[in-house]
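If you're matching them up, the sequences are chains B and P in order. Numbered according to the numbering used here, the first sequence terminates at residue 240, and the numbering increases by one at each position without gaps. Numbered according to the numbering used here, the second sequence terminates at residue 773, and the numbering increases by one at each position without gaps.
Be aware that one or more of the hints could be misleading.
What the hints assert, rightly or not - Distance windows between CB atoms, simulated:
id, chain 1, residue 1, chain 2, residue 2, range
1, B, Asp120, P, Ala648, 30 to 36 Å
2, B, Asp6, P, Thr507, 50 to 56 Å
3, P, Ser583, B, Thr8, 16 to 22 Å
Claimed, not checked - Where chain B lies over chain P, by a calculated footprint (3+ residues, C-beta under 8 Å):
id, stretch
4, 498 to 508
5, 528 to 538
6, 592 to 605
7, 639 to 646
8, 738 to 745
9, 758 to 764
It is worth saying that the hints were derived from the structure and are not from the lab. Here the structure is a predicted model, which is why all the values come from computation and not from measurement. Glycine is no exception: its CB is placed at the ideal position from the N, C-alpha and C atoms.
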Amino acid sequence: MKILVSVKRVIDYNVKVRVKADHTAVDLTNVKMSMNPFCEIAVEEAIRLKEKGIASEVVVVSVGSKACQETLRTAMALGADRAIQVETEDGLDSLSVAKLIAKVAQEEAADLVIMGKQAIDSDNNQTGQMVAALLDYPQATFASEVVIENGEAQTAQEIKVTREVDGGLQTLAITLPAVVTTDLRLNEPRFASLPNIMKAKKKPLDVKTPADLGVEVGSNVSIVSVTPPPQRAGGIKVGSVAELVDKLKNEAKVVS
Amino acid sequence: MSVLIIAEHDNKSLKPATLNTVTAATQIHADVHVLVVGFECQTVVEQSSQVVGVSKVLVADNAVYEHQLAENVSKLIVEVAKGYEHILAPATTTGKNTLPRVAALLNVAQLSDVIKVESADTFVRPIYAGNAIATVKTTDAVKVLTVRATGFDAAASTGGNAEREVLSHVIASDRSRFVKEQLAESDRPELTAASVIISGGRGMGNGDNFKLLEGVADKLGAAIGASRAAVDAGFVPNDLQVGQTGKTVAPDLYIAVGISGAIQHLAGMKDSKVIVAINKDEDAPIFQVADYGLVADLFDAVPELEKSL
Chain B
-15 MKILVSVKRV
-5 IDYNVKVRVK
5 ADHTAVDLTN
15 VKMSMNPFCE
25 IAVEEAIRLK
35 EKGIASEVVV
45 VSVGSKACQE
55 TLRTAMALGA
65 DRAIQVETED
75 GLDSLSVAKL
85 IAKVAQEEAA
95 DLVIMGKQAI
105 DSDNNQTGQM
115 VAALLDYPQA
125 TFASEVVIEN
135 GEAQTAQEIK
145 VTREVDGGLQ
155 TLAITLPAVV
165 TTDLRLNEPR
175 FASLPNIMKA
185 KKKPLDVKTP
195 ADLGVEVGSN
205 VSIVSVTPPP
215 QRAGGIKVGS
225 VAELVDKLKN
235 EAKVVS
Chain P
465 MSVLIIAEHD
475 NKSLKPATLN
485 TVTAATQIHA
495 DVHVLVVGFE
505 CQTVVEQSSQ
515 VVGVSKVLVA
525 DNAVYEHQLA
535 ENVSKLIVEV
545 AKGYEHILAP
555 ATTTGKNTLP
565 RVAALLNVAQ
575 LSDVIKVESA
585 DTFVRPIYAG
595 NAIATVKTTD
605 AVKVLTVRAT
615 GFDAAASTGG
625 NAEREVLSHV
635 IASDRSRFVK
645 EQLAESDRPE
655 LTAASVIISG
665 GRGMGNGDNF
675 KLLEGVADKL
685 GAAIGASRAA
695 VDAGFVPNDL
705 QVGQTGKTVA
715 PDLYIAVGIS
725 GAIQHLAGMK
735 DSKVIVAINK
745 DEDAPIFQVA
755 DYGLVADLFD
765 AVPELEKSL
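Make a model of the complete structure from these sequences and hints.
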């Protein structure tokens, strides 16, 4: 079984986000960038399937400027076999990205596409579902467990995926080829070892353009403004539980 | 043109997030229709037709729609979408699962987690876990939006009298099937619908100590939540998680117990009307957003709070 994993280069999750003074975007100059955490989980899941002998090859794809090659190298240091960068401007809209990934999935004849459930920059939570829709594949989003039985998985085989839904867990059986998007509890990603980081530099990395893939990119959505969130005014400290209850009853009037 | 809303329900009852979505829809256009896709969901249809602001309820009731799988439901919505300029669903796991497929099939963008309607084509949504707020304008012929319930008041659930239309088209889902679900059983209100929430963090120490919160929750009719730190530490299951990677809540009263206030947690609860923080570390960032902060050992303060309510 061949697995395609998409990865996105985003602002590191530990970095404090600042909005540009002209309110056009978030300031990304000289900010540490990393692989989107949900994408790390996707890479890890694919590598584990390869280590179990279920996957034969793990291909990673990223859509963006040349800088995202760094993210692809990271994925290969973690264990992916080869990489494809689709060269575009950064910050492309989700539907365009989905069209590009769907095309790559088709060209690669991937049996399973694993993607993060959302990127921590745009917080859209939609690209995986869009890829599945464009290819008319079934999907299992927000996965916390992926079970593939009988060793070497074949296309048209069913896989069982447990999903994190509001109020609990739901398990679906979906037929390959399919799209799975990862939630936090699916696994704990490993760290890349130094020898593997060195090895990853020699693994193949292809660069393609949207034109190579025959995909037209662009969106009808424009950003009017990006502003900092309203600041919550700090409150007061109370000295005791009795004072707290009194404030809640008589000042805030949220407790009767 | 009318706005179409996809109802959030479990075949038994209409979920409150739908009511907030109705309010968002009425800010776009006065004529709001609701689509109920499910199986043996007559009560949901009944409830939907009584929501104030809804003029029509479309119903697709068939066994193939019982678990609202994204594959066939999205295709059904695309068929119904002809004649609508806006398609909205609550930003629940069901809405988030299905609506992007609808957008892709219609070849348009989806605007996720909308918290404010500026006009029929301009919407406000949080990005970077709520650390930035984007106002976006779309010229797509059909605007597909998921709506964050906490951004809008709930429409009145009774008083309306919408007409009904039955959809007979059945689309099967042949490559995706439901196996099972394990839903947390609780007498308490659902986190996203509760007017009072008491949440515990890493400071709770272990899962057993969450029982301390139950006493307060019982007295206040509150839901119990948790920070990601408490979930990751294995104290409580993930469906209690409030935050960027969990649920977004905005109750009238939010009580944070032993929660330091990581950005990831604040993103999920900072729109609460009144925030109370109980923490023994007086420098914890949670105090910067709390209306009432109590620097105290939670193991003393929480039992005392329970007694004094």
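Under the constraints set out in the numbered hints, which ones does this structure not fulfil? 4
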